[in-house]
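Novice: Each chain is listed here by its residues.
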Amino acid sequence: MTENSTPAETVESVTQHRSLWGDVWRQFRKHKGAMTGVIVFIFITLMVSIGPLIHDIEPSAINFSERNLGPTLAHPLGTDNIGHDTLAQILAGGQVSLAVGFLAMLIALFLGTFVGVLAGFFKSLDGPLMRLTDLFLALPILPLLLVIILLFRDTLRRLYGPEAGIFLLIVFIIGITSWMHTARIVRGDVLGIKEREFVIAAHSIGTKKRRIIFRHILPNILSPIMVSATLGIANAIITESALSFLGLGFPPDFPTWGRLLYDGANFIQITPSRAIWPGLFIALTVLSVNYIGDGLRDALDPRLRGR
Amino acid sequence: MIQFIIRRILIAIPTLLVISFIIFAILDLAPNDPTGNLPMTVPAEVREKIRESLGLGQPMHVRFGKWLVQFFVNEPLNILHDGFGITIGDAENRTRILSWATRSPVVDLIIQRTPQTLWVVGLSYLFGILIAIPIGIISAYKQYSWFDQVGTFVTMVGFSVPTFFTGMLAIILFSVQLKWFPMIYDTTLEVNSWDNFVLQVKQMFMPVAVLALYNASQLSRFMRASILDNLNLDYVRTARSKGRSEQVVLLIHVLRNSLIPVVTLIALGIPTIFSGAIITEQIFRVNGLGQLLIIGIESADIPLVQTLTFLFAVLIVLFNLIADVIYGILDPRIRYD
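Going line by line, the protein sequences match chains E and R. So in the numbering used here, spot 282 of the first sequence is number 282, and the numbers just go up one at a time. So in the numbering used here, spot 28 of the second sequence is number 28, and the numbers just go up one at a time.
It should be emphasised that the hints constitute simulated quantities derived from the structure, not laboratory data. Bear in mind that the values here come from a model prediction, so they are computed numbers and not experimental data. Check before you lean on any hint, since a few could be wrong.
Stretch-level coverage of chain E by chain R, calculated; a stretch enters the list once three of its residues show a Cβ under 8 Å from a Cβ in chain R [said to hold, decoys possible]:
| # | segment |
| --- | --- |
| 1 | 24-31 |
| 2 | 49-58 |
| 3 | 112-123 |
| 4 | 178-192 |
Below, computed lysine-lysine pairings styled on DSSO-like, alpha-carbon distance capped at 30 Å [stated by the list, open to error]:
| # | chain 1 | residue 1 | chain 2 | residue 2 |
| --- | --- | --- | --- | --- |
| 5 | E | 209 | E | 123 |
| 6 | E | 123 | E | 194 |
| 7 | R | 49 | R | 66 |
| 8 | E | 30 | R | 66 |
| 9 | E | 208 | E | 194 |
| 10 | R | 66 | E | 32 |
Think of the CB as a built atom: it goes at the ideal place given N, C-alpha and C, for glycine as much as any other residue.
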């Protein structure tokens, strides 16, 4: 009996070998909202990146003979008051909005992790860096963003051209004004991990500080960083569209979802769909990203895993 | 307790000074010229004189000092003088922060605009809290019930969908299609009769509802999490085993403890809804502080923008302080850090 059962058990334990990320994925899949979020987000990303190849109308093409159309075969989402194709504009705008979201999130994540790790790891830097974080948290972000864009827009346009200049400016300022929450969370986690045995062991065998940070600390704080990454994308997309919505983001001939919504707002009595579509895409993207973040948080929390 | 408050205030003062300097410096270092919009035919000497008259002749630190004195000393004294009739010092010759666009004192403009913002923002926050707390309590107490499932989904949507989109949808639905509410906020309406009062309520309904839903979804998520944290604690079991009814356990024991972080969050959220109101005011054309800021930015009215932005910063620091103090009062463990 025992001889029979042992090989079966080993086979079972081999096939059921569980890695940390496998566990996380298994838990993540159980979260229905998060899985729906992943599917919707991948769909939107694919649509925005491949869509223009299929629906190949120039987003900036003007056609006065086809103004304010409802949905037709040639223009599935209709046209606006000067004959722009709405679908083409939404696809082009989505590329910009998603790119802003990703890049701004990366900047914020990098800054936040950098500040958080330094503050958590080096006691002498903790005080000043956390005061800096508090200071940034006390800044009125939206008014400041508006002011900075207004004042530096023209200079950057001269330097990098009208589109690249404003793109860089928006990505950069959203990035440097949204790293504070990541920094706080990362610092807290680093403070805890720094005192754990494996880090002390690494210290005692003479590992260099930089190597301890990269080899032992960073992999262990990956989960809060990933959760703040999802929140960061959502936040950056909303901020960008809010800026464009206030008329202080991208220039009129350069479609982003926020800009399209802003332009559509003036025509809601004639063509309400012009305001609804871009808004719907902003809402869907942010909602899916937030659900992914929710699922990740649950999946990465070992107390909840396996329930 | 007093010592705790004093310590917090002492931290707040340098923060405010640094922030005011940052705001001043950003606006000052920017490549921006108030005479840039004048016709090309205006000669250079005249431009120089205009710049002098706007107070731009002096070095930056002098202007920063002057601005600080105007903001922290002259304007508050002036409010005392005009509003309460208390005169301290020379009320006539006090220099005030003047708007470049209208040449009138910035503070007067702000005082004109504040009531609209306070009504819209304040009411929406109040309604948001009133909606959020019961939803949070029921969601947490009946976790995974259908109410909780629906509630979590709705709050997730409410907190993900930006107000400029919900506002737009509300306008399309209720103003364009159903024609229940006016699309644009009539700022000249005076409430002096019942009919006008109804009109006022009607035009405030959409902005207040949109902001209230947004605030409620954020708060109720937090409220739910806070109650869930408390429901499994030992004191709840003790209360139940003493034989107290479920109602008392939930609404007295659990609620009081779960409200501590929520009250702090409510205090912390007040300044952020002022900046969120910038967007809502823009959608519904409410002539509040947010719209004043946008107008100032569009017309490059630096003193107005400086003062308003700094005022937002003051609100943030002030409510951080209030939140800290409230937390200290409600949870004595916090006081000894």
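Novice: Kindly indicate which numbered hints from before are broken by the structure, ordering the numbers from low to high.
Specialist: 1, 2, 3, 4, 8, 10
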